[in-house]
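S.K.: Sequence:
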Amino acid sequence: MTEQQPQPQTQEEDLTTRPPHPPHRHADWMFGGVYGTVLASALMAALNQDGEDFTPFYDASWVLVTAATAGLAHGYAHHMASHRADSGGHRWRLLARALWDEWPLVVATLPTVLLLTAAGIGDWDAYDVTAGGLGLNTALLFGWGTLVALRVGHRLGRSLLFGLADAAIGLAIIVANALIK
Numbered sequence: 001m002t003e004q005q006p007q008p009q010t011q012e013e014d015l016t017t018r019p020p021h022p023p024h025r026h027a028d029w030m031f032g033g034v035y036g037t038v039l040a041s042a043l044m045a046a047l048n049q050d051g052e053d054f055t056p057f058y059d060a061s062w063v064l065v066t067a068a069t070a071g072l073a074h075g076y077a078h079h080m081a082s083h084r085a086d087s088g089g090h091r092w093r094l095l096a097r098a099l100w101d102e103w104p105l106v107v108a109t110l111p112t113v114l115l116l117t118a119a120g121i122g123d124w125d126a127y128d129v130t131a132g133g134l135g136l137n138t139a140l141l142f143g144w145g146t147l148v149a150l151r152v153g154h155r156l157g158r159s160l161l162f163g164l165a166d167a168a169i170g171l172a173i174i175v176a177n178a179l180i181k
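Residue numbering for the sequence shown follows our numbering, starting at 1 and increasing by one per position.
Worth double-checking, as some hints may not be accurate.
[As the list claims (entries may be wrong)] Label pairs and their computed distance ranges (CB to CB): (1) S61 - G132: 30 to 38 Å; (2) S82 - Y127: 40 to 48 Å; (3) L94 - V65: 36 to 44 Å; (4) Y58 - R155: 41 to 49 Å; (5) G51 - A77: 36 to 44 Å; (6) I121 - L94: 38 to 46 Å.
Read the hints as simulated data drawn from the structure, not as lab findings. Built from N, CA and C at the ideal position, the CB exists for glycine as well.
Sequences and hints are given; from them, build the entire structure.
M.R.: What follows is the structure, given as structure tokens:
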């Protein structure tokens, strides 16, 4: 009785059985993307008050400052929670890496920042900018959820469900904005 040697997989078969990139990196992107988009939406809703002057440049500045601060705080907290004090001299490099890994959070706020900047340049109506920005961010949340789910290996139908779940966060902010104001 001869023992059969396993047949090597073709490149096409290999691509269908495992994701093309390590899933944890996509989880980091998704966390930063979703968190940054939600943060930008919440700030956009909170900074624009009925009856007050619309200050889109000021609002854009606060969205960026808050995102950068949140990214630094999250990166620092993650670093402190996951590394012991006796790590030696390379702890500063680990801290720098933890802070750098927060870039998706800041980048995810840029569509809101650009919209607010354009609103300031174009002297757009505050209500339209806020409604449009919240709608845009809800669509971006859908995109984040769908794209990342596809990239980590989920099928299209399941990925769309992840996208809908993320978009529900955006819808919750829209509802909260309407109820609070």
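S.K.: Does each hint hold? Answer for all of them.
M.R.: How the hints compare with the structure:
no., hint, verdict
1, S61 - G132: 30 to 38 Å, "violated (19 Å)"
2, S82 - Y127: 40 to 48 Å, "holds (44 Å)"
3, L94 - V65: 36 to 44 Å, "violated (25 Å)"
4, Y58 - R155: 41 to 49 Å, "holds (44 Å)"
5, G51 - A77: 36 to 44 Å, "holds (37 Å)"
6, I121 - L94: 38 to 46 Å, "holds (41 Å)"
Hints 1 and 3 from the earlier list are contradicted by this structure; the remaining hints agree with it.
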